[in-house]
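Full structure from sequences and hints, please.
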Amino acid sequence: MGVEIVDNRPEDETRAAPIEDVEEVQIDDRDPSRKTQIVTKLNSEERAELIAFLRANKDVFAWTSANMPGIPTSVFQHKLSTNPLKKPVAQKRRLFEGERLKVIKEEVEKLLQAGFIRRVDYSSGNERLSLLDAYSGYHQVPMAPEDEEKTSFYAGDEIYCYVMMPFGLKNAVVKSLKADDHLTDLEETFNNLRQNIMRLNPAKCIFGMESGKFLGFMVSRRGIKVNPEKIIAIADMEPPKSVKDIQRLTGKVAALHRFISKSADKCLPFFKIMRSAS
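Heads up: the sequence shown begins at 1 in full-length UniProt numbering, then just goes up one per residue.
In short, the hints are calculated from the structure, not lab data. Note that the Cβ used here is the ideal one computed from N, Cα and C, for glycine as well. It is possible that some hints are incorrect.
The calculated label-pair distances, taken between Cβ atoms and stated as ranges, are [unchecked claim]:
(1) Glu146 x Gly251: 37 to 43 Å
(2) Lys230 x Leu177: 45 to 51 Å
(3) Gln195 x Ser44: 30 to 36 Å
(4) Val103 x Lys262: 48 to 54 Å
(5) Lys41 x Leu85: 55 to 61 Å
Here is the structure:
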């Protein structure tokens, strides 16, 4: 089994996008709205086994923020490494009115009710892939108590601070070398999630894939590769036809040199052409 941890990206890239067709399946007999996604390409036996597994492990999914108890502090807590000898940097307070203030208060109240923030009182102190997405992952890791008030912010006339980490966890890809092993690998992963009281977002998880697009990459049994859609401008670029075109090309390569192995060596023929032309 392989569990590939994949970095966070903007929201439009974080959602898994399989190449195969997917279907929603109900995994809670008592609530038809509780669904997740599997690929339709599975044979009838694989489909039945996967759905049975997901139904048996529905407690690892979170349907609302109330279903997220949070990772125990004995397992992990988020610390802010700040220098106690340095003066904290405080941003200028922003004042809002009318409808905007109303919306801010409503959102803050949601965080408060979910237990992600608190009020601050300063007078008191590879054949098969499954893409897993943590439910509000950034609200599952607790802050170290001594660092909570370092995250303080104003909302109207009240001051709040985060008690759960206010930024993102990473997503994961569960990879199995053999399709027959995938349920076993998923079970191990789910047991680890359950043991650490982590929850998944069923709407963003996709199970039983052979390949798919995730975080701007193509994930398949061959590994993780660049998504062709992301490099279409480079793939469709016409060959240089003049010295000026070569100069433009070398400029673009120079800007991307961090991502191109031995870029200087690869550009050597271009430099020779420009030198001879001059």
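Each hint tested on the structure:
Range check, glutamate 146 to glycine 251: Cβ separation about 50 Å, and the 37 to 43 Å hint is violated. Between lysine 230 and leucine 177 the CB atoms are about 27 Å apart, so this pair departs from the stated range of 45 to 51 Å. A beta carbon spacing of about 32 Å between glutamine 195 and serine 44 agrees with the range 30 to 36 Å that was offered as a hint. Restraint check, valine 103 to lysine 262: a C-beta distance of roughly 52 Å satisfies the suggested window 48 to 54 Å.
Distance hint check: the CB atoms of lysine 41 and leucine 85 are about 59 Å apart, consistent with the given range 55 to 61 Å.
In the structure shown, a violation is registered for the earlier hints numbered 1, 2, in ascending order.
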